[in-house]
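K.L.:
Top line first, the protein sequences correspond to chains A and B.
Mapping the first sequence onto numbering that gives the first Met the number 0, position 364 (from 1) lands on 363, and the numbers just tick up by one.
Mapping the second sequence onto numbering that gives the first Met the number 0, position 123 (from 1) lands on 122, and the numbers just tick up by one.
I should point out that these hints are in silico values taken from the structure, not numbers from a laboratory.
As the structure is a prediction and not an experimental result, all values here were calculated from the model.
Any given hint could be a false lead.
Unchecked claim - Quick partial rundown of chain B residues pointing at chain A, CB under 7 angstroms, derived from the structure:
no., residue
1, Val37
2, Phe62
3, Met90
4, Leu94
5, Arg110
6, Ile111
7, Leu255
8, Thr259
9, Phe266
To be verified - Beyond 10 angstroms from chain B on every Cβ pair, some chain A residues (computed):
no., residue
10, Leu29
11, Leu32
12, Ala123
13, Gly391
14, Leu426
Every residue gets a Cβ at the ideal spot worked out from N, C-alpha and C, and that includes glycine.
The chain contents come next:
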Amino acid sequence: MRAAGGFVLFGLALGAIPFLGLPAFYETFLYLLLHAVVLATSWNILSGYSGYFSFGHGAFFGTGVYVTAALVAQYDWHFLATLPLAAGAAAALGLALGAVVFRVRALRGELFALLTLAITFVLATIMLNKVDGGPGIQVMTDIPRLAPTASGALYLLMLAIALLALWSARAVFYSRFGTGLFAIHDDEDVAEVMGVPTYRFKLAAFCLSCALAGLAGGIHAVFVSYVTVAETFSIALAVNVVLMSALGGTRHWLGPAIGAIVITALLYGFTAGEAPVLGRALVGVILIAVIVLMPEGILGKLLTPSPRKRRARTNSGTEPELRSGNERAPSPNSEPMLVARGVSKSFKGVQALVEASFEVRRGEILGLVGPNGSGKSTFINVVSGHYLADGGSLLFEGEELLGRPAHRIARAGIARTYQVPRPFAHLSVLDNVALPPMFGRVTMDRASAEAEAWRWLEFTGLAGKAHARPAELNLHQRKFLELARALASRPKLLFLDEVLSGLTPTEMDEAIRLVRAIREQGATIVFVEHVMRAVMELTDRVVVLTYGRPIAAGLPRDVMRDPQVIDAYLGGRMREEGSIYA
Amino acid sequence: MPSATLIGQSVLSGVFIGALYGLLGLGLSLSWGMLRQVNLAHFALAFLGGYLTFQLAGRLDPFVTLAVTVPLFFLAGMALHWFLSRYAADMLNTLLVTFGLTTIIESAIQRIWTADFQRMESAYGAMRWKVGAFYIPFPEAATLLIAMALCGAMWALLRFTDFGRAARAMTEDPAMAAAFGVNEKRLGYVISGLAAAFAAVAGMCLALTHTLAPVQIYAWMGVVFAGVMIGGLGSAIGPLAAGILIGVSEALTMALTAPTWAPLVSFTLLIAIILLRPARF
Numbered sequence: 000m001r002a003a004g005g006f007v008l009f010g011l012a013l014g015a016i017p018f019l020g021l022p023a024f025y026e027t028f029l030y031l032l033l034h035a036v037v038l039a040t041s042w043n044i045l046s047g048y049s050g051y052f053s054f055g056h057g058a059f060f061g062t063g064v065y066v067t068a069a070l071v072a073q074y075d076w077h078f079l080a081t082l083p084l085a086a087g088a089a090a091a092l093g094l095a096l097g098a099v100v101f102r103v104r105a106l107r108g109e110l111f112a113l114l115t116l117a118i119t120f121v122l123a124t125i126m127l128n129k130v131d132g133g134p135g136i137q138v139m140t141d142i143p144r145l146a147p148t149a150s151g152a153l154y155l156l157m158l159a160i161a162l163l164a165l166w167s168a169r170a171v172f173y174s175r176f177g178t179g180l181f182a183i184h185d186d187e188d189v190a191e192v193m194g195v196p197t198y199r200f201k202l203a204a205f206c207l208s209c210a211l212a213g214l215a216g217g218i219h220a221v222f223v224s225y226v227t228v229a230e231t232f233s234i235a236l237a238v239n240v241v242l243m244s245a246l247g248g249t250r251h252w253l254g255p256a257i258g259a260i261v262i263t264a265l266l267y268g269f270t271a272g273e274a275p276v277l278g279r280a281l282v283g284v285i286l287i288a289v290i291v292l293m294p295e296g297i298l299g300k301l302l303t304p305s306p307r308k309r310r311a312r313t314n315s316g317t318e319p320e321l322r323s324g325n326e327r328a329p330s331p332n333s334e335p336m337l338v339a340r341g342v343s344k345s346f347k348g349v350q351a352l353v354e355a356s357f358e359v360r361r362g363e364i365l366g367l368v369g370p371n372g373s374g375k376s377t378f379i380n381v382v383s384g385h386y387l388a389d390g391g392s393l394l395f396e397g398e399e400l401l402g403r404p405a406h407r408i409a410r411a412g413i414a415r416t417y418q419v420p421r422p423f424a425h426l427s428v429l430d431n432v433a434l435p436p437m438f439g440r441v442t443m444d445r446a447s448a449e450a451e452a453w454r455w456l457e458f459t460g461l462a463g464k465a466h467a468r469p470a471e472l473n474l475h476q477r478k479f480l481e482l483a484r485a486l487a488s489r490p491k492l493l494f495l496d497e498v499l500s501g502l503t504p505t506e507m508d509e510a511i512r513l514v515r516a517i518r519e520q521g522a523t524i525v526f527v528e529h530v531m532r533a534v535m536e537l538t539d540r541v542v543v544l545t546y547g548r549p550i551a552a553g554l555p556r557d558v559m560r561d562p563q564v565i566d567a568y569l570g571g572r573m574r575e576e577g578s579i580y581a
Numbered sequence: 000m001p002s003a004t005l006i007g008q009s010v011l012s013g014v015f016i017g018a019l020y021g022l023l024g025l026g027l028s029l030s031w032g033m034l035r036q037v038n039l040a041h042f043a044l045a046f047l048g049g050y051l052t053f054q055l056a057g058r059l060d061p062f063v064t065l066a067v068t069v070p071l072f073f074l075a076g077m078a079l080h081w082f083l084s085r086y087a088a089d090m091l092n093t094l095l096v097t098f099g100l101t102t103i104i105e106s107a108i109q110r111i112w113t114a115d116f117q118r119m120e121s122a123y124g125a126m127r128w129k130v131g132a133f134y135i136p137f138p139e140a141a142t143l144l145i146a147m148a149l150c151g152a153m154w155a156l157l158r159f160t161d162f163g164r165a166a167r168a169m170t171e172d173p174a175m176a177a178a179f180g181v182n183e184k185r186l187g188y189v190i191s192g193l194a195a196a197f198a199a200v201a202g203m204c205l206a207l208t209h210t211l212a213p214v215q216i217y218a219w220m221g222v223v224f225a226g227v228m229i230g231g232l233g234s235a236i237g238p239l240a241a242g243i244l245i246g247v248s249e250a251l252t253m254a255l256t257a258p259t260w261a262p263l264v265s266f267t268l269l270i271a272i273i274l275l276r277p278a279r280f
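Please work from the sequences and hints to get the whole structure.
P.N.:
So this is what it looks like as structure tokens:
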């Protein structure tokens, strides 16, 4: 609880300022600093963590301003009583906007940025027509006597909200929720397939972000005491907030606060001086310079550990215990685990899967083979929920998978690897592997998930690279990272999509050994591969796909002698010359 | 209920304003759809073009100023492309960098021409024709013709020429297009230059038809982007068609309810399209 202590001390120290009898200027200036800290920190909870840049933070802040202003001025509410409504209205607005725009799959970041930009003007229009009426609202209210002066009291209120915002940002940062948001930032599709409920997380982060901005707006309405649409719904606020966070570092909970202090002090210097226009231009210059020169921000730059400081954990954990043999049930006639019936999927006229029907049996390694473009990867994408099938049925342990969101499929116990590895680029190797257990079949907290991740890193021989970024790994290590990530969720059914392609023969042997070890632990495996040697060595059964249809199924040796299969692979002419696997 | 004449005049003015939306959207659509750059500075550039026209109008005919601004802006567009393709790797960064650029240009405009509204005086301002019951002002009609001509020409260029085929291939898959011999770098410069040149033309039309103020830069963003998204990224005709749709809807909203509600129209249309056809995006 060191953090809690720190927050209390920090709050008490800053809270004492109004009682020191300093000139009012300091309270006002500090109020403006804290105001910026709240806005930047709250913006960052959605935009920095998950990468959905909002240009409409001014709109949510403005909602708070106008809710409080209208209730105080027109309905005589006490100003403190309006604050929950200010926060609630801003959150509701975020929820409504998010519910629409987060449904879009492509272009999401850009669309979100532009829609939030547009909402600022829309709200300004509504407020001008419905609430304000044109001239602005005078906000006169009793300010609670928390401090010797009114500005001191408002400063204390903003301080409380700043602490709340920082605390929330920190709590999210270290939680499962935060990990999910960072995964969304790097690769939303993969995050969803690993079990992160992306839609819900984005909405929740957006709501929290908007609520905090609305709260700050409510207090600011009293601070400025006269609100106008033009001043409140300005696009400059949104730009400044983006700039503050980018400057301080969006990938850390404290980054935006640091940026906020720097920029506010800088702008204050300019507006107090004689060149406010120059100040605006300077903000633009800094924004460009930061994006180009320092994309990780001040804090990001300071906190990125240098490779030399990293150490692999010295006491290696226990080997993942191999479960006892009775859990292993690789008899060829065992019950079906996954049953595909008439699964179809087409892309603009190309039929990738045509009423594909086959089954995966519990405990087996099923080889799924076929020429390029035969629908193997499409099938994996349909099972993992990445693609929506056009029709058919897909029963996993008796339950229909089609139509379920991908994260619920992951939660049912299905994991996959990607043919071209898709690690979360900004997370360490350890965090990459710790993510699936936090969102998989059994949802673990961060500490147990990390312990789990260590075991699988050791299993795949990556423990020495635990603190590296995925970009520092070579292809073979990235492929093993894919494996470790899929295994860490403890799947019942595992899809391996060409894990061997591009590996050297030695690396391949190692990979084959790993796949065997995985099966020893009771997982059922669907093995998609072009390397026939591995298919023959590893699989219990093989299903052959061509043009999206299964054309043969059975024992590897039998299937590979099937004339139809030879046709599919090599064309009819080769049939006389023997099987493809002689 | 307003009279039929008023409704007709509203539709007409909606078409005219929509033409300007389309003209502004044309450059955006090209750089977003083909170069994957969301160029917010396009609006600031258009206003800069408007102010330059305003400045030169004392000595030159507004249409003649294009001979100065268009080549100048073509070069500016190429410079912007150089910077963005070199330093702003992903689409979001192009958006952030051009946002920064927008505030810089805005500050410069404010410094040179002040924050006050400026109205260009020209012989064209008072020219208008009466056709039946309707008035057709010359500056607006000229804007419509220019927008139709430019969008049509760009469409034909993309549809029928080798340049267009290469550009469309690049839109689809830049790496693959490059592998088949498309010089995507040079193509990028040309498209970005064209987009900026279109901003210069749009700026001239802005100066002809509207009063200019630096803060107005932001007022156009929401509507025009909505038009580009509804019309289709990378399309030359789409933004104009969508712009006119939005313009007419806005004009009717103004005539039937109150003028202050007009900004809601484009946003509502965009949300409706996202909800009804999410696959478009």
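K.L.:
Would you mind marking each hint as holding or not holding in the structure?
P.N.:
Hint-by-hint comparison with the structure:
Hint status for Val37 (chain B) relative to chain A: holds, with the closest Cβ pair at about 5 angstroms, below 7 angstroms. For the restraint placing Phe62 (chain B) at the interface with chain A, the shortest Cβ-Cβ distance is roughly 32 angstroms, beyond the 7 angstroms limit, so the hint is violated. For Met90 (chain B), the interface hint holds, since its Cβ comes within 7 angstroms of a Cβ in chain A; the closest pair sits about 6 angstroms apart. Interface hint status for Leu94 (chain B): upheld, as the beta-carbon distance to the closest one in chain A is roughly 6 angstroms, under 7 angstroms.
For Arg110 (chain B), the suggested interface contact is upheld, since its CB lies about 6 angstroms from the closest CB of chain A, less than 7 angstroms. With a cut of 7 angstroms, the hint placing Ile111 (chain B) at the interface with chain A is violated, because the nearest CB-to-CB distance is about 10 angstroms. Against a cut-off of 7 angstroms between C-beta atoms, the interface hint on Leu255 (chain B) is violated, since the closest Cβ of chain A lies about 15 angstroms away. Checking Thr259 (chain B) against chain A by beta carbon gives a least distance of about 5 angstroms; that is within 7 angstroms, so the hint holds.
The interface hint given for Phe266 (chain B) holds, since its Cβ lies 5 angstroms from the closest Cβ of chain A, which is under the 7 angstroms cut-off. The Cβ of Leu29 (chain A) sits about 26 angstroms from the closest Cβ of chain B, beyond the 10 angstroms cut-off, so the non-interface label holds. A cut-off of 10 angstroms between C-beta atoms confirms that Leu32 (chain A) is not in contact with chain B; the least separation is 22 angstroms. With a least beta-carbon separation of about 8 angstroms from chain B, Ala123 (chain A) fails to lie farther than 10 angstroms from that chain, contradicting its non-interface assignment.
Even its closest Cβ contact with chain B, about 21 angstroms, leaves Gly391 (chain A) beyond 10 angstroms, as expected for a residue assigned away from the interface. Even its closest Cβ contact with chain B, about 18 angstroms, leaves Leu426 (chain A) beyond 10 angstroms, as expected for a residue assigned away from the interface.
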